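Model the placement of chains B, C, D and E on the given structure of chain A, informed by the hints.
Protein chains in written order, with numbering that gives the first Met the number 0: chain A, 0 to 83; chain B, 0 to 83; chain C, 0 to 83; chain D, 0 to 83; chain E, 0 to 83.
The hints are simulated quantities; they were obtained by calculation from the structure and are not laboratory data.
Keep in mind it's a predicted model, so treat the numbers as computed, not measured.
Just to be clear, a hint being listed does not mean it is correct.
Each pair may be met inside one copy or between any two copies, as identical chains are not told apart.
[Claimed, not checked] Keeping only pairs whose Cα atoms sit at most 27 Å apart, straight-line, the calculated DSSO-like set for lysine-lysine is:
#1 K33 with K22
#2 K33 with K4
#3 K4 with K22
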Amino acid sequence: MKIGKVIDNVWATRKVNSLNGYKFLVIELENGEKIVACDNIGAGEGDRVLVTLGSGARKGTYEENVPIDSLVIGIIDGIGGGNE
Amino acid sequence: MKIGKVIDNVWATRKVNSLNGYKFLVIELENGEKIVACDNIGAGEGDRVLVTLGSGARKGTYEENVPIDSLVIGIIDGIGGGNE
Amino acid sequence: MKIGKVIDNVWATRKVNSLNGYKFLVIELENGEKIVACDNIGAGEGDRVLVTLGSGARKGTYEENVPIDSLVIGIIDGIGGGNE
Amino acid sequence: MKIGKVIDNVWATRKVNSLNGYKFLVIELENGEKIVACDNIGAGEGDRVLVTLGSGARKGTYEENVPIDSLVIGIIDGIGGGNE
Amino acid sequence: MKIGKVIDNVWATRKVNSLNGYKFLVIELENGEKIVACDNIGAGEGDRVLVTLGSGARKGTYEENVPIDSLVIGIIDGIGGGNE
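Only chain A is shown next, with the shape it has when bound in the complex (with noise of 0.2 Å):
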């Protein structure tokens, strides 16, 4: 997984009939790149999330016939040592 950053809500009107409902949400990793993720758990811009990429996306959604590549898993609360 990646850890990231979303900064802005991504629109479109025309989709792949199965992606209707979904939203998606663009996040910063921490190499800078840009990539779009779906969530289902209510990340909002500023948060710190955990990113699955890949075929593991499609496990966290209701119905795994989506054509979608990434998912927002977590919202991180702090990253730390394990004595902390």
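Here is chains B, C, D and E on its own, set in the frame of chain A:
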């Protein structure tokens, strides 16, 4: 997913049989990289699009056994904050 | 998919059994990167080709249980705008 | 697989339900890139580990429907020639 | 697939159970990147090999539920033009 812009079409007469009828578009991604993606929602040159990479690309086609790895899943209307 | 040019063949006598009979081509992608792809449509040196990467590569073979990750899916005739 | 070093833990209270109970580690790969991987063999900070990326990561969990894309599959004892 | 050279072995006593018996090789790819791949055709240090990445790697093992993402699929005899 990645954001890119449709810049060209690709023509290939000799191809794997299951790809007959598929349209191939050259997409320039935001980082300058060029890829070729299939399209079945009518994207054309100049459109800004969302592209799914990997096995997810096949989930947006009518038959899943086509040997493709990228698909245009949406034509972008806008990118912006949630309260716009 | 990626656009590349066939520049060489690869010979490997000792290989995983299920790959007997498969042809391996060295492909130089547009960004200069070299990969090895299987081919079953007769691409040869100097041809400009479309290559599918990942699990999609196996969808274009006669049996899906071969351990490959890239396949030549088309020989490119031309690249150009929709109104040409 | 990639070789990396465990450098931190990631905490995320709000996450996709199926991930409850999973441990997330920040791994610094040999090329300096940082990723987050799940772990179920007890790797801790400072350990040098082998990480599997992509769909293979889920093959090492107890249930394959978790939305992850990387897993610690081994803690490295040593790297060296065959005749050592 | 990628072309690389076997440069080392990796030893890991503590690992995911299903990997017992698997051999792990450090491979230096042509672009200098180092990865770790499994091998079951007897490749050794100094061999130039073909490596399959991703889900295809598991298609060349005896059981598909191992958490790996790269496999040596051939030992390269030569690279050259079709009429050599």
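Hint check:
{"no.": "1", "hint": "K33 with K22", "in the structure": "both (16 Å within a copy, 26 Å between copies)"}
{"no.": "2", "hint": "K33 with K4", "in the structure": "both (10 Å within a copy, 15 Å between copies)"}
{"no.": "3", "hint": "K4 with K22", "in the structure": "both (16 Å within a copy, 21 Å between copies)"}
In this structure, every one of the numbered hints holds.
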